[in-house]
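Chains as they are written, first to last, in my numbering: chain A, 1 to 220; chain B, 221 to 440; chain C, 441 to 651; chain D, 652 to 862.
It is worth saying that the hints were derived from the structure and are not from the lab. Take the hints with a grain of salt, since some may be wrong.
As the list claims (entries may be wrong) - Distance condition first, Cα-Cα at most 20 Å in a straight line; then the derived DMTMM-like pairs of lysine to aspartate or glutamate:
hint	chain 1	residue 1	chain 2	residue 2
1	A	Lys158	B	Glu286
2	B	Lys292	B	Asp237
3	B	Lys265	B	Glu286
4	A	Lys2	D	Asp815
5	B	Lys222	C	Asp502
6	A	Lys183	A	Glu217
7	B	Lys351	D	Glu832
8	A	Lys158	C	Asp502
9	B	Lys351	B	Glu316
10	A	Lys2	A	Glu201
11	B	Lys222	C	Glu621
To be verified - Reference listing, derived: stretches of chain B covered by chain A, where coverage requires no fewer than 3 residues with Cβ under 8 Å from a Cβ of chain A:
hint	region
12	325 to 337
13	353 to 359
We put the CB at the ideal spot given by N, CA and C, even for glycine.
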Amino acid sequence: MKQKILSKSDAIARIRDGMSIMVGGFGLVGAPLELIDELYRQGQKDLTVISNNVGEPGKGLSRLLEAGRIRKAIGSYFTSNPVVGEHVLAGKLEVELMPQGTFVEAIRAGGAGIGGFYTRASAGTLLAEGKETRVIGGQTYVLEYALTADVALIRAHKADRLGNLVYRKTARNFNPVMATAAKLVIAEVDEIVEVGQMDPEVIVTPHLYVDIIVQREGAT
Amino acid sequence: MKQKILSKSDAIARIRDGMSIMVGGFGLVGAPLELIDELYRQGQKDLTVISNNVGEPGKGLSRLLEAGRIRKAIGSYFTSNPVVGEHVLAGKLEVELMPQGTFVEAIRAGGAGIGGFYTRASAGTLLAEGKETRVIGGQTYVLEYALTADVALIRAHKADRLGNLVYRKTARNFNPVMATAAKLVIAEVDEIVEVGQMDPEVIVTPHLYVDIIVQREGAT
Amino acid sequence: MDRKHRIAARAAQELRDGDVVNLGVGIPTRVADHLPPGVDVYLHTENGLLGVGPAPKPGEVDPDVVNASKLPVTQTPGCSFFASDLSFSMIRGGHVDVAILGALQVDAQGRVANWSVPGATVLGVGGAMDLLVGAGRVIVTMSHTTRDGQPKIVQNASLPLTADRPVDLVITELAVFQVTETGLVLTELMPGATLEEVRRRTAAEFRVQLA
Amino acid sequence: MDRKHRIAARAAQELRDGDVVNLGVGIPTRVADHLPPGVDVYLHTENGLLGVGPAPKPGEVDPDVVNASKLPVTQTPGCSFFASDLSFSMIRGGHVDVAILGALQVDAQGRVANWSVPGATVLGVGGAMDLLVGAGRVIVTMSHTTRDGQPKIVQNASLPLTADRPVDLVITELAVFQVTETGLVLTELMPGATLEEVRRRTAAEFRVQLA
Numbered sequence: 001m002k003q004k005i006l007s008k009s010d011a012i013a014r015i016r017d018g019m020s021i022m023v024g025g026f027g028l029v030g031a032p033l034e035l036i037d038e039l040y041r042q043g044q045k046d047l048t049v050i051s052n053n054v055g056e057p058g059k060g061l062s063r064l065l066e067a068g069r070i071r072k073a074i075g076s077y078f079t080s081n082p083v084v085g086e087h088v089l090a091g092k093l094e095v096e097l098m099p100q101g102t103f104v105e106a107i108r109a110g111g112a113g114i115g116g117f118y119t120r121a122s123a124g125t126l127l128a129e130g131k132e133t134r135v136i137g138g139q140t141y142v143l144e145y146a147l148t149a150d151v152a153l154i155r156a157h158k159a160d161r162l163g164n165l166v167y168r169k170t171a172r173n174f175n176p177v178m179a180t181a182a183k184l185v186i187a188e189v190d191e192i193v194e195v196g197q198m199d200p201e202v203i204v205t206p207h208l209y210v211d212i213i214v215q216r217e218g219a220t
Numbered sequence: 221m222k223q224k225i226l227s228k229s230d231a232i233a234r235i236r237d238g239m240s241i242m243v244g245g246f247g248l249v250g251a252p253l254e255l256i257d258e259l260y261r262q263g264q265k266d267l268t269v270i271s272n273n274v275g276e277p278g279k280g281l282s283r284l285l286e287a288g289r290i291r292k293a294i295g296s297y298f299t300s301n302p303v304v305g306e307h308v309l310a311g312k313l314e315v316e317l318m319p320q321g322t323f324v325e326a327i328r329a330g331g332a333g334i335g336g337f338y339t340r341a342s343a344g345t346l347l348a349e350g351k352e353t354r355v356i357g358g359q360t361y362v363l364e365y366a367l368t369a370d371v372a373l374i375r376a377h378k379a380d381r382l383g384n385l386v387y388r389k390t391a392r393n394f395n396p397v398m399a400t401a402a403k404l405v406i407a408e409v410d411e412i413v414e415v416g417q418m419d420p421e422v423i424v425t426p427h428l429y430v431d432i433i434v435q436r437e438g439a440t
Numbered sequence: 441m442d443r444k445h446r447i448a449a450r451a452a453q454e455l456r457d458g459d460v461v462n463l464g465v466g467i468p469t470r471v472a473d474h475l476p477p478g479v480d481v482y483l484h485t486e487n488g489l490l491g492v493g494p495a496p497k498p499g500e501v502d503p504d505v506v507n508a509s510k511l512p513v514t515q516t517p518g519c520s521f522f523a524s525d526l527s528f529s530m531i532r533g534g535h536v537d538v539a540i541l542g543a544l545q546v547d548a549q550g551r552v553a554n555w556s557v558p559g560a561t562v563l564g565v566g567g568a569m570d571l572l573v574g575a576g577r578v579i580v581t582m583s584h585t586t587r588d589g590q591p592k593i594v595q596n597a598s599l600p601l602t603a604d605r606p607v608d609l610v611i612t613e614l615a616v617f618q619v620t621e622t623g624l625v626l627t628e629l630m631p632g633a634t635l636e637e638v639r640r641r642t643a644a645e646f647r648v649q650l651a
Numbered sequence: 652m653d654r655k656h657r658i659a660a661r662a663a664q665e666l667r668d669g670d671v672v673n674l675g676v677g678i679p680t681r682v683a684d685h686l687p688p689g690v691d692v693y694l695h696t697e698n699g700l701l702g703v704g705p706a707p708k709p710g711e712v713d714p715d716v717v718n719a720s721k722l723p724v725t726q727t728p729g730c731s732f733f734a735s736d737l738s739f740s741m742i743r744g745g746h747v748d749v750a751i752l753g754a755l756q757v758d759a760q761g762r763v764a765n766w767s768v769p770g771a772t773v774l775g776v777g778g779a780m781d782l783l784v785g786a787g788r789v790i791v792t793m794s795h796t797t798r799d800g801q802p803k804i805v806q807n808a809s810l811p812l813t814a815d816r817p818v819d820l821v822i823t824e825l826a827v828f829q830v831t832e833t834g835l836v837l838t839e840l841m842p843g844a845t846l847e848e849v850r851r852r853t854a855a856e857f858r859v860q861l862a
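Extracted from the complex, chain A is given alone in its bound form (with noise of 0.2 Å):
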């Protein structure tokens, strides 16, 4: 059997300067902030960073965005963490907005082997502007690609040594998705059980999803 787990300065010591990270959370919740942490300290920079929101000012990804290591942003509610206003003003941060159910589906399409899709999320709009669209049953549908990564880190509640994953509640969220959607995958977590003690009908994310697992060290 691989071996999956370990610890998150190896885990993210296999992230470089440049590569593109997903990172799971809504907001704070269901952020993986023990990895980001850790990408914090080990100083990785020139980061394009997809994920929903970018941290609140002096947590999570703002860390980074404040230490200037982060060059693009792509996602879909940056309001709430004013710093990233801050850097956009100031030429320092690249940012691509898109609704939030078309954010997650172009993740989803990333992972499921679709090249792109018709939404109508945003058909009429500015952020359509410069998109194709097309006209399906009577009504304007927008067309958007595929979102993968380098890698994605996210956060669970609970794993198996073989990577099978459960969230817990409304931290599942975006990390499920982003899981199917990274070259990379590293999972954070509260806890690691042995092979079978999870319930196959009760697994969200299937093991092949899931490169590395890393257990959290503070309390949950």
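Since the structure of chain A is provided, determine the placement of chains B, C and D on it from the hints.
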């Protein structure tokens, strides 16, 4: 609270001649056999069936086919039932065939408000003839459109009175996705429990997808 | 009952037993406090919960149970948790019966601008665009004018639209407008409001069909 | 060891510890019996199970646990069940490391025809097209010729192709071919086979690079 539990005869009586019907199951595994039998008994005809297979001779959907009540079948693998071939050759059945992954993705799209999507599957083959293609990232993708239906007949293991569903093992297959893509969703279940008796983390089909619950009569 | 609660109470009258409802921030959040007797609704939040309950008591906060505003909420019996992809499939796919949202502007066709404030760099859209195109019925609840008295119901929106789809109903402290294919129709005056006042504070054409 | 098992055993040598593998019907099914020591693989079946075990003993059949051929199988520790949409997302998305499939024909570019038999009305495709475009690596295991001795490795397929993507490896009872950008390369003769015999029974051009 809305009353969603009905007898199978009241549930199936909602189906009219000429309707399109999604039917869950991989072969007979996870197929809503009691609902299909009731549909056979009630006599609705001129049906379009959207199902991976069309039963087996004398069983499941094949009974409807043999009685000449299916006009068109949309699915992925009809080879296992020789009755399908006979009816096609006799000009009594129209067939629309697609790769199994495209079939299930089209249904998912129908339920998820996605108008169409690009898949690699079938590119350069007979099944893609006459379909639009697009090169994305250097590879050819085929444009496929969403599938929806008037009714979905699905099979689940357990329901609560609100209509939350869980499935059993590989009997899950197409059932959860079909539950998202039809105007009227009727679920045949082994057991009905009270609200609050299902773990909110393990519900596969949230109740907003389910209109009618029918308790199976037969032993499971 | 203050103005915001009156608007929320009027919106609650629109809900039917069994409806799955997504509530935006602000006035919409209060709709849940005004449900008529016998009407059970199921609150959906796009971050992955169907069956949102009221705010938790102090000391009973579960940091993993939040709503789309990232505020702590509770879960109700029969609820379910799911990932964001399924949550937006529900929204876009028409499985959320009613969305109740705030708006910065509504135009004469009933289209809404509610995601981008004037002048600022556009940095957030969230789930608004998906809800506006996908929800079965969309109800706008908002104050009739801005803080400085400017009409929010306008002939043409000066702010960027959130969707090409018109909403179904607009409820303010002064009036209720139904949105039809031919534009806005004033169908109700709220208690104490006059037609003259509505006309004065509205900058869009509308027809009047009071009951 | 009969011919089919020899082919399966050779295919098993291609698998690495931790691989997620999807096995087609026929010869591919037997690959699981020939895994080298220390190689744990996880069998995926497209109807919704990762962690397929061997056929059940009589009397221990669970009718709800079947493989893609609708035959009863068992489940292994650490397995998971999922719906068809996720199962094909795994396949198309490149998360199945290896697919081992049978074929009716392989052309000189290494493309496969395996879904439509000659003359018959086309009534089934199943998961073959998705596996062929999506699996990380595709290995064909098949008899070198048809029952009546006709070559199955041909310059141009007379049967309809299953995908535009060439496979990676073709294993028969006579030979192993690697598929490269410039076509088929014979890299191994199976025990007892001669280059002359392979040439005689193959109707496609190929290069020879025996170790």
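Hints, one by one, checked against the model:
Restraint check for Lys158/A and Glu286/B: the C-alpha separation of about 50 Å exceeds 20 Å, so the hint is violated. In summary, the hint linking Lys292/B to Asp237/B is supported, as the alpha carbons are separated by about 13 Å, within the 20 Å threshold. About 12 Å separates the Cα atoms of Lys265/B and Glu286/B, which keeps this hinted pair within 20 Å; it holds. Distance check on the hinted pair: Lys2/A and Asp815/D sit about 33 Å apart at the alpha-carbon level, beyond 20 Å; violated.
Between the alpha carbons of Lys222/B and Asp502/C the distance comes to roughly 30 Å, so the proposed pair goes past 20 Å and is violated. Note on Lys183/A and Glu217/A: the hinted pairing is violated, with a Cα-Cα distance of about 25 Å set against a maximum of 20 Å. For the hint linking Lys351/B to Glu832/D, the alpha-carbon distance of about 27 Å lies beyond 20 Å, and the restraint is violated. Our distance criterion of 20 Å between C-alpha atoms is met by Lys158/A and Asp502/C, whose separation comes to about 17 Å.
Annotation: proposed proximity of Lys351/B to Glu316/B holds, straight-line Cα distance about 13 Å (limit 20 Å). Straight-line distance between C-alpha atoms of Lys2/A and Glu201/A comes to about 23 Å, which puts the hinted pair past the 20 Å bound. Pair hint Lys222/B plus Glu621/C does not hold up; C-alpha atoms about 32 Å apart against a cutoff of 20 Å. Counting residues of the region 325 to 337 of chain B whose CB lies closer than 8 Å to any CB of chain A gives 8, so the stated coverage by that chain holds, three being the minimum.
Using a Cβ-Cβ cut-off of 8 Å, 4 residues of the region 353 to 359 of chain B lie near chain A, which meets the minimum of three, so the contact claim holds.
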